[in-house]
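Participant: Okay, here's what each chain looks like letter by letter:
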Amino acid sequence: KAGVTQTPRYLIKTRGQQVTLSCSPISGHRSVSWYQQTPGQGLQFLFEYFSETQRNKGNFPGRFSGRQFSNSRSEMNVSTLELGDSALYLCASSSTGPPNEKLFFGSGTQLSVL
Amino acid sequence: GQNIDQPTEMTATEGAIVQINCTYQTSGFNGLFWYQQHAGEAPTFLSYNVLDGLEEKGRFSSFLSRSKGYSYLLLKELQMKDSASYLCAVYQAGTALIFGKGTTLSVSS
Numbered sequence: 001k002a003g004v005t006q007t008p009r010y011l012i013k014t015r016g017q018q019v020t021l022s023c024s025p026i027s028g029h030r031s032v033s034w035y036q037q038t039p040g041q042g043l044q045f046l047f048e049y050f051s052e053t054q055r056n057k058g059n060f061p062g063r064f065s066g067r068q069f070s071n072s073r074s075e076m077n078v079s080t081l082e083l084g085d086s087a088l089y090l091c092a093s094s095s096t097g098p099p100n101e102k103l104f105f106g107s108g109t110q111l112s113v114l
Numbered sequence: 001g002q003n004i005d006q007p008t009e010m011t012a013t014e015g016a017i018v019q020i021n022c023t024y025q026t027s028g029f030n031g032l033f034w035y036q037q038h039a040g041e042a043p044t045f046l047s048y049n050v051l052d053g054l055e056e057k058g059r060f061s062s063f064l065s066r067s068k069g070y071s072y073l074l075l076k077e078l079q080m081k082d083s084a085s086y087l088c089a090v091y092q093a094g095t096a097l098i099f100g101k102g103t104t105l106s107v108s109s
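Those protein sequence lines, which keep their order, are chains A and B.
Each residue of the first sequence is one higher than the last, beginning at 1 in our numbering.
Each residue of the second sequence is one higher than the last, beginning at 1 in our numbering.
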């Protein structure tokens, strides 16, 4: 069974640009969560989607958005990039999502904003 | 909201035992997870506790006390490959899995 796949693996952008990251969950998993990981803050929850609906959202500005497609693949978008958005963005999937399922993580997309 | 605290760094030697503590405050509780993350890799699941007590899985064990808002991960017979970051995470009712900042464990020979 293939794991969670995130593309691209690395991305370099400049301030003000926008970026779209992609995540393909494990086959059969319908919940996809996104996290931002930085050395200072650790893993911070962005949002979670289930069956194309956003069920939960963390405390990030509206520049961060996402969506989920009917095949459970998910994308997240960051508009008007800032230097502080440089981070590892991790996607995780599970069968049905919270509250007591373990998450399976992808290897992440390393975003650098110059 | 919730607050999850764990030590930033720990060091130990091969063959030793190390205990990584995690304290949490949450308005509602639906279980506590431990994940391992090697540098440059994805976090991987280690353990899940929802009831008080000790869960043992090979060299790794995890303990939970809900009344104290406390958990620990116990690693026995440490190996060099155990050098990694260990993440404590709790589900808060109505939201998602929220992580602590992680404990970086360095194992030396």
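FYI, nobody ran anything at the bench for these hints, they're computed from the structure.
The structure presented is a predicted model; accordingly, all values stated were derived computationally and were not measured.
Ideal Cβ positions, reconstructed from N, Cα and C, are used throughout, including at glycine.
Be careful, since some hints might not be right.
To be verified - Pairwise CB distance ranges, derived in the manner of DEER restraints:
# : chain 1 : residue 1 : chain 2 : residue 2 : range
1 : A       : Asn59     : B       : Asp52     : 44 to 52 angstroms
2 : B       : Ser65     : A       : Gln18     : 30 to 38 angstroms
3 : A       : Gln110    : B       : Ser108    : 26 to 34 angstroms
4 : B       : Tyr70     : A       : Glu52     : 24 to 32 angstroms
5 : B       : Asp52     : A       : Arg55     : 24 to 32 angstroms
6 : B       : Val50     : A       : Thr5      : 41 to 49 angstroms
7 : B       : Glu41     : A       : Gln18     : 38 to 46 angstroms
Claimed, not checked - Below, a sample of chain B positions facing chain A; criterion: calculated Cβ distance under 10 angstroms:
#  : residue
8  : Gly53
9  : Leu54
10 : Gly58
11 : Arg66
12 : Gly69
13 : Tyr70
14 : Leu74
15 : Gln79
16 : Met80
17 : Ser83
18 : Ser106
Participant: Decide, hint by hint, whether the structure agrees.
Facilitator: These are the hints, each one checked on the structure:
1. Asn59/A x Asp52/B: 44 to 52 angstroms: For Asp52/B against Asn59/A, whose Cβ atoms are near 31 angstroms apart, the range 44 to 52 angstroms is violated.
2. Ser65/B x Gln18/A: 30 to 38 angstroms: Because 46 angstroms falls outside the window, the suggested range is violated.
3. Gln110/A x Ser108/B: 26 to 34 angstroms: Hint holds: Cβ distance 28 angstroms, inside 26 to 34 angstroms.
4. Tyr70/B x Glu52/A: 24 to 32 angstroms: 38 angstroms, violated
5. Asp52/B x Arg55/A: 24 to 32 angstroms: Cβ of Asp52/B to Cβ of Arg55/A: about 29 angstroms, so the range 24 to 32 angstroms holds.
6. Val50/B x Thr5/A: 41 to 49 angstroms: 30 angstroms, violated
7. Glu41/B x Gln18/A: 38 to 46 angstroms: 28 angstroms, violated
8. Gly53: This interface hint is violated because 16 angstroms lies over the 10 angstroms limit.
9. Leu54: Hint on Leu54/B: violated, closest Cβ of chain A at ~19 angstroms, above 10 angstroms.
10. Gly58: 17 angstroms, violated
11. Arg66: Where the cut-off is 10 angstroms and the nearest Cβ of chain A is about 14 angstroms from Arg66/B, the hint is violated.
12. Gly69: At about 17 angstroms, which exceeds the 10 angstroms cut-off, the nearest Cβ of chain A leaves the hint on Gly69/B violated.
13. Tyr70: With a minimum Cβ separation of about 19 angstroms from chain A (threshold 10 angstroms), the hint on Tyr70/B is violated.
14. Leu74: Leu74/B check fails; min Cβ-Cβ to chain A is 19 angstroms, beyond 10 angstroms.
15. Gln79: Nearest chain A Cβ about 22 angstroms off; hint violated.
16. Met80: Hint violated; Met80/B Cβ to chain A Cβ min 22 angstroms, cut 10 angstroms.
17. Ser83: 17 angstroms, violated
18. Ser106: At about 16 angstroms, which exceeds the 10 angstroms cut-off, the nearest Cβ of chain A leaves the hint on Ser106/B violated.
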